[in-house]
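J.: Listed below, chain by chain, are the residues.
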Amino acid sequence: MAHSTRTPGIVAGRLSAEVLSENFADLHPPLDAHEAHVAADRCYFCHDAPCITACPTSIDIPLFIRQIATGTPLAAGKTILEQNILGGMCARVCPTETLCEEACVREIAEGKPVEIGRLQRFATDAVMAKGPQPFSRAAPTGKQVAVVGAGPAGLACAHRLAMHGHDVVVFEKRDKPGGLNEYGIASYKTVDDFARAEVDWLLGIGGIEIRYGQQLGRDETLDQLVADHDAVFLGMGKPGVHALPGFDLGGIRPAVDFIADLRQAGDLSSVPVGRNVVVIGGGMTAVDAAVQSKLLGAENVTIVYRRARGEMPASRFEQDLAAAKGVTLVFNAQPVAATGAGDVTGVSFEYTAQEAGKLAGTGETFDLPADQVLLAIGQTLENAPDGLARDGSALLADETHKTSLARVWAGGDCSAPGEDLTVTAVAQGRDAAEDIHQTLMG
Amino acid sequence: MADLTTEFLGIKSPNPFWLASAPPTDKEYNVRRAFEAGWGGVVWKTLGEDGPPIVNVNGPRYGAMWGADRRLLALNNIELITDRPLQTNLDEIARVKKDYPDRAVIVSLMVPCTEESWKAILPRVAETGCDGIELNFGCPHGMSERGMGAAVGQVPEYIEMVTRWCKENYDKPVIVKLTPNISDIRYPARAARAGGADAVSLINTVSSITSVNLDDFSPEPSIDGKGSHGGMCGPAVKPIALNMVAEISRDPETAGLPISGIGGVTTWRDAAEFMALGAGNVQVCTAAMTYGFKVVQEMISGLSDWMDKKGYASTAEFIGQAVPNVTDWQYLNLNYVTKAKIDQDKCIKCGRCYAACEDTSHQAIWMKEGRVFEVNDAECVACNLCVNVCPVEDCITMERMTAGSVDPRTGETVSDDYANWTTHPNNPGACAAE
Ligand SMILES: Cc1cc2nc3c(=O)[nH]c(=O)nc-3n(C[C@H](O)[C@H](O)[C@H](O)COP(=O)(O)OP(=O)(O)OC[C@H]3O[C@@H](n4cnc5c(N)ncnc54)[C@H](O)[C@@H]3O)c2cc1C
Ligand SMILES: Cc1cc2nc3c(=O)[nH]c(=O)nc-3n(C[C@H](O)[C@H](O)[C@H](O)COP(=O)(O)O)c2cc1C
Ligand code: SF4
Ligand code: SF4
Ligand code: SF4
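Read top to bottom, the protein sequences are chains A and B. For the first sequence, my numbering gives the first residue as 1, with consecutive numbering after it. For the second sequence, my numbering gives the first residue as 1001, with consecutive numbering after it.
Only chain A is shown next, with the shape it has when bound in the complex (with noise of 0.2 Å):
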């Protein structure tokens, strides 16, 4: 091996092969059938059960637990389909701890609650070694709809659609579908390329036509769209970063391109990692930016985040997953200048308290070393059609996803509200699908 963890500066192969494909290895690894029944025996079969409410898609999650008991998980993987067509990806990415887990009766009875995700992911995975997706077109209608983006709501919508018997045209500005679940997703929760293989299965509905290399503002505009169909959903994302000002040495970068990079590798030694990194945020992308890191091989990896824990955006078991895997946490401090010239060597950084409901430093500082600076300070929309109303830095849509334009719906991270969860675009993107259906056949 060439590199070590101790080697200075961003190189690639710190770990051997071995290591890496141990340190990537399935985060939470698939139920076997014996152990699927074990976990499935403990759900209760609640009354209007308070799992249901916390889905945001509203998967029957004790219908489908119930379905697995008796040893039927196609008809399990079914249910859960039916509602979140991406239930496979949901199950692998969905932070249970804060949606249907957190609300499972035995979560609040015993702090265990039911393995709804680990289930969830044991049905779709039946359905999916079975063979095609399991919905099947409506009579054609005619209709045609332009979806902008193969991220999860797009994807979501545009199934719908297709279910409805419309027909769907995908503009998508990258060469591949999935948007983050492709791009994003930490690797160790969507291994083997599942989010490829999720896509392709969905895709076999038929009547969806993905068109890469098309994007909005640059090859396609709202009005043409508009123009050329019966009704236009934009499922674009997030696709901007913020920037840190004075950040702009060598050596910093986005977290999400970090990560998109590490998720496009074909080969994980071959990714550059720093031997001292620092990350700047306090999201998912924070963590999975930093776990990641740390799996590479980097020797230090700190995440620093301007305020307290409790506020912090990642949910307690995404901070105890950096921890257990090495990353230091700091909370109560923010940037205030990286050193180095040309390349980054260290950041400063002053710690902070809230005073009279607002963050102020509190004019105490202190350096990291850093060879490599992620920034996971949040993302924007970038490049999305003027003439949208906003709703603070997303596009407005109300309850049905229409936004401000006629035959113009948004969903997913890109509109407002939103939660920058998979489960709420794939949410979002079924809904809005289901009222441009009422609204063309209506």
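Calculated directly from the structure, the hints in this document are not laboratory data. Quick caveat, the model's predicted, so the values are computed rather than measured. Hints are supplied without guarantee of correctness; some may be wrong.
[Stated by the list, open to error] Cut-off 30 Å, straight-line C-alpha distance, at most; resulting in silico cross-link-like pairs (DSBU-like, lysine-lysine):
| # | chain 1 | residue 1 | chain 2 | residue 2 |
| --- | --- | --- | --- | --- |
| 1 | B | K1368 | A | K112 |
| 2 | A | K78 | A | K130 |
| 3 | B | K1346 | A | K112 |
| 4 | B | K1341 | A | K112 |
[What the hints assert, rightly or not] Per label pair, the in silico range of CB-to-CB distance:
| # | chain 1 | residue 1 | chain 2 | residue 2 | range |
| --- | --- | --- | --- | --- | --- |
| 5 | B | C1383 | A | H34 | 35 to 43 Å |
| 6 | B | E1298 | A | I108 | 31 to 39 Å |
| 7 | B | V1055 | A | S21 | 50 to 58 Å |
No residue lacks a Cβ here, since even glycine has one placed at the ideal position from N, Cα and C.
Mind docking chain B with the ligands on chain A? Use the hints.
T.: Then chain B with the ligands, alone, in the frame of chain A:
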């Protein structure tokens, strides 16, 4: 530590846990190991008449029913009586009894329904020095097709006749093992007593098909695509066995007849329940077949622990204690009025009580804002369903209404007088309350 020594028909054993006649007691090797593990006695696997040994199937002989985590709830078997030569068994019994004089060794027998057959085998059994015999009138499969086992146990006259033959031709205690595959257990028990039986033991296995293979449509266990009903045993049969034991205990015609309780005894608690209903001891098969001989250690420690807690010095002190409390429906106190009560601190808000009561009972549970579940006393009939479906122990309890208060469901004042159906005004046959 309480003394578990139990005397049953004058046969002493260090504890009331005997192994039932079945594979665990099939041979010397097993029985010696069972005694080393601590079992108080054994009923040797049923012997048949001399001659060519019995033939068992060569495919699977057990089927099963499972609960969560493949916990075995019931076994079902199509095994026959011993398939080893009679003399081999007799020699082994004699050796074991000699080496374990303090343990009970009972020999189970099943021969054709003729006096000569019994006369032929009884002296040979007596020679082993065993403590008594048990007549297997219970095996519901295979042997019954040949006029033995349950075929005898289902005809009280045969029970009486064969028991009498045995009493006339054998000196030591004769236990009659009963089949549950009849409509009223009291008749065979009475017949056993009439024939002079020293005790009855029950239950043998319940005729059953545990499952059907939905690919080849064969009952399980499948022998080349076909199945035969088997005998079911294990935890699932306990309620059937308990009732039958109680029926015999409280039947004036059989009251006082010693009973060896069998059927689903899996823990010390099961044993205590059988004994409270009048069994002088218990026999165990499935629990041993599931967990091995070592389970008896939990049964021993559990029973003596409970006895210590209750202050019982010997098993005799609690045997039969529950019998006077088993009564007919018509004598139950209709003035005993209770209401379900939900402990809000224990409730985990699963809503099962609500679904059960709303859909299948009396619409007596409110689901209020924030998933708060409360009982509406004006509708609650105290059926206990909510208690049974609630996953949290002691979360829902049945609270008795105090005398003088008004039951909001009926509008009637609760009385603490005892009043039952026999005197109820709605009963056309009511006798005057006097
Ligand atoms: C690093 C990271 C980790 C995450 N981890 C999790 C997690 O573990 N669990 C979880 O639930 N959520 C997680 N999320 C959030 C989740 O990935 C997003 O909420 C979800 O992907 C949003 O789906 P979307 O369809 O709205 O947008 P995206 O997934 O962003 O998809 C948008 C698609 O639109 C395309 N596009 C963008 N602009 C244009 C344009 N102008 N023209 C054409 N196409 C365009 C993009 O290329 C992309 O394919 C994570 C996010 C990040 C960044
Ligand atoms: C495989 C098997 C074989 C059995 N063979 C006999 C037998 O030969 N004679 C007999 O009296 N009972 C036989 N039984 C019945 C048991 O002695 C016992 O009555 C029954 O299993 C109920 O007790 P349990 O629930 O503890 O198993 C057999 C049971 C099983 C499971
Ligand atoms: S809350 Fe938990 S126990 Fe109840 S239905 Fe949902 S998963 Fe099952
Ligand atoms: S006892 Fe029966 S009627 Fe009363 S609340 Fe419970 S389920 Fe309903
Ligand atoms: S069944 Fe028990 S735990 Fe569940 S809601 Fe009712 S009282 Fe509460």
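J.: Provide an ascending list of the numbers of those earlier hints which the structure does not satisfy.
T.: Going through the list in order, the structure violates no hint and respects every one.
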